[in-house]
Amino acid sequence: MGVAEAASTEIIHYGPTEIMPGVVINMQTIYMSWLTMVIVAAIVFASTRHVEKIPHGIQNLVEMFIEWLNKLMDANLGIEGRRMATPFVITLFLYIFVGNELGLMPSIVVHLSSPTNDVNVALGLSITVAVATYIFGCIKQGPKYFKHLISPFALMLPLNLLEELSKPLTMALRLFGNILAGEILLAVLYQLVPFIIPNVWIGFSLIIGFLQAFIFTMLTIIALAPIFKQDHE
Amino acid sequence: MVSINYTLIAQIVNFIILLWVLAKFAYKPLLKAMDDRRNKIVKDMDSAEHARKDAEALKQEYAEQLKNARKEANEIIAKANAEAQKLHDEAVQQAQTERDEILQSGRDRVEAEKRKALLDVREQVIALSTEIAGRVLEQKLTSQQDQAMIARVTDQTMAEKNN
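Here the protein sequences line up with chains A and B, keeping their order.
To convert, note that position 182 of the first sequence is 182 in this note's numbering; the numbers rise steadily by one, no gaps.
To convert, note that position 4 of the second sequence is 4 in this note's numbering; the numbers rise steadily by one, no gaps.
So that you can see chain A by itself, here it is in the shape it has in the complex (with noise of 0.2 angstroms):
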């Protein structure tokens, strides 16, 4: 732990900065944040800049996307959930999607890093993802939503709270975890050989990218499930 920690605060660069006496932020990561949010409000932006029935260019790729999702949260979540959640969750995908290409893309004026690769990120967004776990579930069910800890009985309470903790924290960490590590290793790799291996640890990270994002993302309509399946039985 020791070692990757020193790496960490060698290699990857956080700045930590103390804007007000006692509150630090780390800048690095909140302007590469803005910069994921700006490039997917872009991205979006630019799909429904001009919505045709007939999709063109980018509309296409986003709603390729948002196809792809709606998919997975009809087999999940049902119809009226999909509808509920859908914006949540194409935001969260393109976030993190976005974010954790971000570092991986070649820093020429400025540095980029993934906002991912920072803890407080990645449990932001677990965190986000608790909560709104909530709100939707007192929208859908109203009070009777908290009944999901005591059952099947109130002696199982403990374990459900543990459960409800866990699960943010699990997200938070296999995110942060896997692109913090590739970044760190790409930084390695760049200072061993400087040529060709990175790339195709780049191309691998890329995938991963991806796949971290598809699995947050993944996670989030599964814990959003149980919200809406109640509802079909």
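Hints may be right or wrong, so weigh each one.
[To be verified] Pulled a few chain B residues facing chain A out of the computed Cβ check, cut under 8 angstroms:
hint, residue
1, A10
2, L18
3, L19
4, V21
5, A23
6, Y27
7, L30
8, L31
9, M34
10, A73
11, T97
12, V121
[To be verified] What follows is a list of derived Cβ distance ranges for each label pair:
hint, chain 1, residue 1, chain 2, residue 2, range
13, B, K71, A, N60, 51 to 59 angstroms
14, A, V23, B, F25, 25 to 33 angstroms
15, A, I197, B, W20, 40 to 48 angstroms
16, B, E64, A, N60, 24 to 32 angstroms
17, B, S3, A, A75, 35 to 43 angstroms
18, A, L211, B, Q60, 51 to 59 angstroms
19, B, N39, A, I197, 45 to 53 angstroms
20, B, Y62, A, N60, 42 to 50 angstroms
21, B, K71, A, R83, 36 to 44 angstroms
22, B, W20, A, V200, 35 to 43 angstroms
23, A, I222, B, R37, 25 to 33 angstroms
24, A, I135, B, I4, 20 to 28 angstroms
[Claimed, not checked] Think about it this way: if two alpha-carbon atoms lie no more than 20 angstroms apart in a straight line, the pair counts; the simulated SDA-like pairs of lysine to any residue are:
hint, chain 1, residue 1, chain 2, residue 2
25, B, K28, A, L112
26, B, K24, A, A42
27, B, K116, B, D155
28, B, K32, A, M64
29, A, K71, B, D35
30, B, K32, A, G78
In short, the hints are calculated from the structure, not lab data.
Ideal Cβ placement from N, Cα and C applies to all residues, glycine included.
Since the structure of chain A is provided, determine the placement of chain B on it from the hints.
Same frame as chain A, but now just chain B:
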């Protein structure tokens, strides 16, 4: 160093802002367009299917009508043929009858003429022979009985002669 700090909260705020902006301004038209397209495609396919079924039904109907028309035409032709045959037969029959009648009447006429001629001949023969006989017998044979007797003889003679 990997540590949790206020970046966490900043990130949550960032994501919520992104989500809100996109949901409000971008997803609504896009999702609506996708829904509309899906509905339109479903509707179009439905209507195409409907039109296809209609066309098939129409085709079936036309085929039925054509079949009926053909059957009817055949019936009409058959009927016309039968009628013509009947008319022809009747005409032939009538002609036959007429011919037979004409022949018969001709024959009758000829017979009558013949008979009349024979009667004429007979009368003349009677008159002539009577006169001849009268002259020969010099008024001895003027009574009616004489005439009848002579007629009988003449008939017999003629019959014999004819035979």
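For each hint, the structure was consulted:
no. : hint                                 : result
1   : A10                                  : holds, 6 angstroms
2   : L18                                  : holds, 5 angstroms
3   : L19                                  : holds, 5 angstroms
4   : V21                                  : holds, 6 angstroms
5   : A23                                  : holds, 4 angstroms
6   : Y27                                  : holds, 5 angstroms
7   : L30                                  : holds, 5 angstroms
8   : L31                                  : holds, 6 angstroms
9   : M34                                  : holds, 6 angstroms
10  : A73                                  : violated, 52 angstroms
11  : T97                                  : violated, 87 angstroms
12  : V121                                 : violated, 120 angstroms
13  : K71/B <-> N60/A: 51 to 59 angstroms  : holds, 58 angstroms
14  : V23/A <-> F25/B: 25 to 33 angstroms  : holds, 31 angstroms
15  : I197/A <-> W20/B: 40 to 48 angstroms : holds, 43 angstroms
16  : E64/B <-> N60/A: 24 to 32 angstroms  : violated, 48 angstroms
17  : S3/B <-> A75/A: 35 to 43 angstroms   : holds, 39 angstroms
18  : L211/A <-> Q60/B: 51 to 59 angstroms : holds, 56 angstroms
19  : N39/B <-> I197/A: 45 to 53 angstroms : holds, 51 angstroms
20  : Y62/B <-> N60/A: 42 to 50 angstroms  : holds, 44 angstroms
21  : K71/B <-> R83/A: 36 to 44 angstroms  : violated, 59 angstroms
22  : W20/B <-> V200/A: 35 to 43 angstroms : holds, 40 angstroms
23  : I222/A <-> R37/B: 25 to 33 angstroms : holds, 29 angstroms
24  : I135/A <-> I4/B: 20 to 28 angstroms  : holds, 23 angstroms
25  : K28/B <-> L112/A                     : violated, 32 angstroms
26  : K24/B <-> A42/A                      : holds, 14 angstroms
27  : K116/B <-> D155/B                    : holds, 15 angstroms
28  : K32/B <-> M64/A                      : holds, 15 angstroms
29  : K71/A <-> D35/B                      : holds, 13 angstroms
30  : K32/B <-> G78/A                      : holds, 18 angstroms
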